[in-house]
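The lines below spell out each chain.
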Amino acid sequence: MTNNLLGSSKSIVWCANRHGNPEDSTKCTTCGLPLVNYKWELGLLLERLATKALLLGPRRNVFMGVGSIGGLIVSEFHKSYGDTVSNGSFLLVDCVEEGEQATPFTGVAKGMLPLVYNIVGTSGGSITYGGLAQRIAAGDTGLNDYVRRSGVREADERQAIFLVSALGGGTGSGMGPVIGTRCATQNPEASVIAVAVIPSSDEVDHIQFNAYSGVSRLLRFNDENSADMVLIMDYERLRQVRGVGLGGVELRSESLVVTMLNCLTGDESQSDNQVDPTRIARMSRAMKVQMFVPCLAIGRSMEIFGSLANVLASALAYPLARLDPTTVTISYLFLRVPQRLSRVFHREFVREEFDRWNKGNLPNIRESLFDLAYLDDPSDRIDACILLGGSYVDLALGPAKRGFARFRNYLNRGGQWESCGVDPTKVEEAAHIISLYDQRLKELRET
Amino acid sequence: MAETSQDASQEMTVYKAPWAQLKGVGDGELEVTRTRLVFYKKKRFGNPTLSRQWDLDHISNFGLTDDGEAIDFEWLNGSEEGGQERLRLGDKDRAQEILDQVSNIMEEARAAEARQQADLAVEAQLQEEKLYRSLVWNTLGQVWSITGLLYRVVSALKEGRWQDVDICLQAMMDEADNLRKTCHIDVVTEVEAVAEQAAQREMEQVVNRCVAALEALGEALDSPGPPAELVKEPQGLTAPPVWTDVPFLFLFGASFWEVLLSRDFGEFGQAEEYVSKLLNLAPVLKERFGLDLEELLWEMVMALKANDRSMVSKRGDDLTKLITRAIEHNTGEPEA
Chain A
1 MTNNLLGSSK SIVWCANRHG NPEDSTKCTT CGLPLVNYKW ELGLLLERLA
51 TKALLLGPRR NVFMGVGSIG GLIVSEFHKS YGDTVSNGSF LLVDCVEEGE
101 QATPFTGVAK GMLPLVYNIV GTSGGSITYG GLAQRIAAGD TGLNDYVRRS
151 GVREADERQA IFLVSALGGG TGSGMGPVIG TRCATQNPEA SVIAVAVIPS
201 SDEVDHIQFN AYSGVSRLLR FNDENSADMV LIMDYERLRQ VRGVGLGGVE
251 LRSESLVVTM LNCLTGDESQ SDNQVDPTRI ARMSRAMKVQ MFVPCLAIGR
301 SMEIFGSLAN VLASALAYPL ARLDPTTVTI SYLFLRVPQR LSRVFHREFV
351 REEFDRWNKG NLPNIRESLF DLAYLDDPSD RIDACILLGG SYVDLALGPA
401 KRGFARFRNY LNRGGQWESC GVDPTKVEEA AHIISLYDQR LKELRET
Chain B
1 MAETSQDASQ EMTVYKAPWA QLKGVGDGEL EVTRTRLVFY KKKRFGNPTL
51 SRQWDLDHIS NFGLTDDGEA IDFEWLNGSE EGGQERLRLG DKDRAQEILD
101 QVSNIMEEAR AAEARQQADL AVEAQLQEEK LYRSLVWNTL GQVWSITGLL
151 YRVVSALKEG RWQDVDICLQ AMMDEADNLR KTCHIDVVTE VEAVAEQAAQ
201 REMEQVVNRC VAALEALGEA LDSPGPPAEL VKEPQGLTAP PVWTDVPFLF
251 LFGASFWEVL LSRDFGEFGQ AEEYVSKLLN LAPVLKERFG LDLEELLWEM
301 VMALKANDRS MVSKRGDDLT KLITRAIEHN TGEPEA
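Chains as they are written, first to last, in my numbering: chain A, 1 to 447; chain B, 1 to 336.
Please keep in mind that the hints were generated in silico from the structure rather than gathered at the bench.
Please read these numbers as outputs of a predicted model, since none were measured by experiment.
The C-beta atom is built at its ideal place from N, Cα and C for all residues, glycine as well.
You can take every hint at face value.
Which residues of chain B face chain A? A partial, calculated answer using Cβ under 8 Å:
#1 Val154
#2 Leu157
#3 Lys158
#4 Glu204
#5 Val207
#6 Asn208
#7 Leu214
#8 Glu215
#9 Gly218
#10 Asp222
#11 Pro247
#12 Phe248
#13 Glu258
#14 Leu261
#15 Pro283
#16 Glu287
Let the hints inform the model, and build the full structure from the sequences given.
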């Protein structure tokens, strides 16, 4: 197949002199003039122009998808809610093979176009180990620029950065924490909220190793917090939990995460309360609670569930990671209700119901906040997203911890630390950080 | 009767047979001109008088009879009248002579007509190419202008110069309207959306709508030929400009404006990256339009490296002038 001036059915690829050229050529084999891929160049130009909007002022909410799953979730979120996110921006970061070019965003543009940054790895294919990806990201010179261009800059305490990744792979577990610390450096006042999907219990040990190390680095990385809040979701549970979206569409897996992001950051004009992600991040910082387990009840029909208490109970019945309710000290509720139910679901009613539910289910609760938003939706379905903090990380990461321990033993026996991009001291440090975090939670609860 | 309205005497006689006999008419004289056969009937007293005449281009099957002393032919005039005639010359040589003369004249006429047809075809082709090139140049001019205006809007936003935004948008609306009318490329809705957001002073939305307008323009140009209803792409045309030069110049233009915009936003690294792209595209521009921009672009690189904003602007203006002049020269617009 050859390219010529008239191009293929896809797009124009030029040789100015209309010479045919083998596919993927960069210069004309006949006249030596550079070949130009029109659609590609146009995509890059659009992306560049779109980023100028980001430079006109700081962003309120920045959504970063790291790795293929993180990128997928943020892309889906952008496609579904991009035009309703006020003053937001999107950045997709992934790792590509050396020599491969970054692919501009090709989805349907809704609102602000997402920025795409592909970090070039040293070897072919995806990066298996978080340690390697972490090293590559740490040494990448373009990352800071992209973080800045996504709108993370200046000391703006109203800025929330959502760092979405799956921690089983190398890219999400290794690059996510690096990006988190870069964000914190560029805007020390911002709230970084990591949305981390941990692998199913049936995944192999090195994947569990990545996840455990990844969570540890999100909690603390190079003696700094890389995320103010880490929302942990077990992929196995994500697949089991079901929600109902607009028009009765069933929501599962990634689409639930997308809906959760929308609950947390939805249209402020529809919100009755002033609880936003930065406020809950600040409160969590003050309480020294970083890890949260989301509990979702999406699209629950009031005709069927009957009361808010029942909806909240259904959310707690399926926490997205393993959780001990008796250890929870903070709960945040983001509630979205159809406008037509606003007379029943008024602020005082929700406050009373939520307080009652907290006392009844979470015996050690210290602080709670709720956000109430009314939606222009003709149905009787409500969405509840509860974030519960204070439970132990060790419990949430049960299978990952066991896989981590086995893989550490394997490394200790074989000594192949370098090929995984980690050194023994860092591995011990990862375990120590989690243990220290849980220990501190315990002490705080007892005081 | 195959009478013609023109006076036969105006025609120059190329051959004359003093005696001929037209079947069904009688004896007389036969005259051959370059356009007609004319038969004059003899009278007992007085000069022969014009009896019949036939336009040569109405005559067919012109040939000798078996005895070689007469000529048979058929005629069919423009009024769908026709008939068969036999002219007896009484002499084989004379009959052959007339046959040769008439055949030569008819052959020459056919050749002349073929030449005329060819001339007309060439003329039509030249007209079509002229129309095509005019469309290409006009589109180039309007696309270059709209692209520049879109970037200037974003640049003006950077400093909150809303008055400049409004001025650019007014010009952009006019250009988009022209582009729709003359080139059938419609980005009016997208430009109106920019204006709508500008009216509400929604800075970020204005940029978003500029991106959408640029995308719509870019996608409309992503085609191998002009709108089919306007003009056909002439076959085998390679000399510039051709339609695919339009999207190329659009990319070059957008990349160039991106350089200046990145400079305005203080992104000198991005600007340098795009000057490199322009340097990569410059040989194509030289090849297609004879515009040698390499030196200018290198000066821009140096200015960007030195963070010299005014020099970047100066070289940017020079480059804009060169390209605009090239377009205006070919579209008949008054040159600045």
